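The UniProt record's numbering puts the sequence shown at residues 1 to 336.
Worth flagging that the hints you see were computed from the coordinates, not collected in a lab. Keep in mind that the hints are not guaranteed to be accurate.
Okay, derived cross-link-like pairs now, DMTMM-like style, lysine to aspartate or glutamate, Cα gap no bigger than 25 Å in a straight line [what the hints assert, rightly or not]:
{"#": "1", "residue 1": "Lys-43", "residue 2": "Glu-206"}
{"#": "2", "residue 1": "Lys-89", "residue 2": "Glu-126"}
{"#": "3", "residue 1": "Lys-43", "residue 2": "Glu-200"}
{"#": "4", "residue 1": "Lys-125", "residue 2": "Glu-206"}
{"#": "5", "residue 1": "Lys-43", "residue 2": "Glu-126"}
{"#": "6", "residue 1": "Lys-89", "residue 2": "Glu-231"}
{"#": "7", "residue 1": "Lys-199", "residue 2": "Glu-126"}
{"#": "8", "residue 1": "Lys-125", "residue 2": "Glu-200"}
{"#": "9", "residue 1": "Lys-199", "residue 2": "Asp-30"}
{"#": "10", "residue 1": "Lys-89", "residue 2": "Asp-160"}
{"#": "11", "residue 1": "Lys-127", "residue 2": "Glu-231"}
{"#": "12", "residue 1": "Lys-43", "residue 2": "Asp-30"}
{"#": "13", "residue 1": "Lys-127", "residue 2": "Glu-200"}
DEER-style ranges, computed between Cβ atoms [to be verified]:
{"#": "14", "residue 1": "Gly-52", "residue 2": "Gly-92", "range": "42 to 48 Å"}
{"#": "15", "residue 1": "Arg-29", "residue 2": "Tyr-131", "range": "24 to 30 Å"}
{"#": "16", "residue 1": "Leu-12", "residue 2": "Ala-77", "range": "36 to 42 Å"}
{"#": "17", "residue 1": "Gly-48", "residue 2": "Tyr-22", "range": "22 to 28 Å"}
{"#": "18", "residue 1": "Ile-180", "residue 2": "Ala-10", "range": "17 to 23 Å"}
{"#": "19", "residue 1": "Gly-195", "residue 2": "Lys-89", "range": "56 to 62 Å"}
{"#": "20", "residue 1": "Trp-228", "residue 2": "Gly-195", "range": "42 to 48 Å"}
{"#": "21", "residue 1": "Phe-63", "residue 2": "Lys-127", "range": "25 to 31 Å"}
{"#": "22", "residue 1": "Leu-183", "residue 2": "Gly-92", "range": "30 to 36 Å"}
{"#": "23", "residue 1": "Arg-29", "residue 2": "Ala-123", "range": "28 to 34 Å"}
{"#": "24", "residue 1": "Trp-27", "residue 2": "Gly-195", "range": "21 to 27 Å"}
{"#": "25", "residue 1": "His-119", "residue 2": "Ser-225", "range": "27 to 33 Å"}
{"#": "26", "residue 1": "Gly-195", "residue 2": "Gly-52", "range": "23 to 29 Å"}
{"#": "27", "residue 1": "Val-44", "residue 2": "Val-224", "range": "15 to 21 Å"}
All values reported here derive from a predicted model rather than from experimental measurement. A virtual CB, placed ideally from N, CA and C, is assigned to each residue, including glycine.
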Amino acid sequence: MYMHSFQGGATLLSLGLLFILYTMFVWWRDVLRESTLEGHHTKVVQLGLRYGFILFIVSEVMFFFAFFWAFFHSSLAPTVEIGGIWPPKGIGVLDPWEIPFLNTLILLSSGAAVTWAHHAILAGKEKRAVYALAATVLLALVFTGFQGMEYYQAPFTISDSIYGSTFFLATGFHGFHVIIGTLFLIICGIRQYLGHLTKEHHVGFEAAAWYWHFVDVVWLFLFVSIYWWGERKSGLRNESSKTKRIGLFQRITAALLLPLIIIYKKVSSTFLPNLSLFWHINEGIEEIMADYVHQEMTRNWILVYLRLFLLIVIKDVFLSFVSFLNKSKNLMDSDS
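With the hints as extra help, turn the sequences into a complete structure.
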């Protein structure tokens, strides 16, 4: 209705959305009552809900499959109407290593956070599960904010040929799923805070976690196909930039492997994380970002994110190693 300038379309769309939200609210209210207050969710009912949600995710996969089909059909065999080239002439593509790459890091971290929440629920640690869900929701909101900023700064619109249509439909539909998943996780966080979720009964959270992992996987396909592959096919980068990209991947490989070896040696010898090691790796990250990420604001966001991630990794490696030493010592003491 919006695309065809239908008169009164906004009113009809708003009314339809209100009816859908009310239906969702009433249905979820009944499900929560049955699962918590009335205790009707037996193992058979839980199994049926799981199968039903799996079928729902399969239907969503088919939906996105249609969008990817449209994109590759248009890009692999561009028609004469768009000049026989892809992207069409006059379309300025987005750099995949700017906001899209940062959003990839954020969304993957949110998937790790929701897995952390699942393990906390299974372990009976309620507060930790609430914190993990809060972290997941926060990362989801940050992702949505950056996606909106990317839309605002995009040099093309949904009406700019088939490229704009496929780009905004695919990424926008994914963004809509992110918003729905965020609401799903907020409800799960509230239920966890109220004590509704237990080790044995947390089907609602499992469905939310499956949905969120599905959103993660779809975004990876979007990043690789529409952002990265589409940018490569545009041919806007010259040979020197390709050489720089090869050097970048070599340096990233070294940045991933060498610090792990150094961390292991430092922790195993001193049992304390070496702060100078963090700044040494940080300098390498800054050099990589300065070479490849050209927008200063995006580069600063990525640097902040990677610094936090690096600190968490060093802390976890150190604590895991200390825990291993303590368990080994206790085992030796029990044997003696």
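25 Å limit on alpha-carbon distance, applied to hinted pair Lys-89 and Asp-160: Distance of about 10 Å is within 25 Å: holds.
Hint check for Gly-92 and Leu-183 - Cβ pair distance inside 30 to 36 Å: 34 Å Cβ-Cβ, so the 30 to 36 Å window holds.
Hint check for Ala-123 and Arg-29 - Cβ pair distance inside 28 to 34 Å: Given a distance of about 29 Å, which is inside 28 to 34 Å, the answer is holds.
Proposed proximity, Glu-200 with Lys-125 (alpha carbon, max 25 Å): The hint holds at about 14 Å.
Distance restraint evaluation - Leu-12, Ala-77, Cβ atoms, bounds 36 to 42 Å: holds, 37 Å
Status of the given 22 to 28 Å range, CB of Tyr-22 versus CB of Gly-48: holds, 25 Å
Agreement of Lys-125 and Glu-206 with the hint, judged by alpha carbon distance not exceeding 25 Å: Between Lys-125 and Glu-206 the Cα gap is close to 16 Å, so the pair holds against 25 Å.
Given hint Glu-231 paired with Lys-89 - CA-CA distance at most 25 Å: holds, 13 Å
Agreement of Lys-199 and Asp-30 with the hint, judged by alpha carbon distance not exceeding 25 Å: holds, 21 Å
Verdict for Phe-63, Lys-127 (Cβ pair) under range 25 to 31 Å: violated, 37 Å
Satisfaction of hint between Asp-30 and Lys-43, Cα-Cα up to 25 Å: holds, 18 Å
Lys-89 paired with Glu-126 [C-alpha distance capped at 25 Å]: Violated: Lys-89 and Glu-126 sit about 55 Å apart, past 25 Å.
Checked against the numbered hints given earlier, this structure breaks hints 2, 11, 21 and 27; the rest are met.
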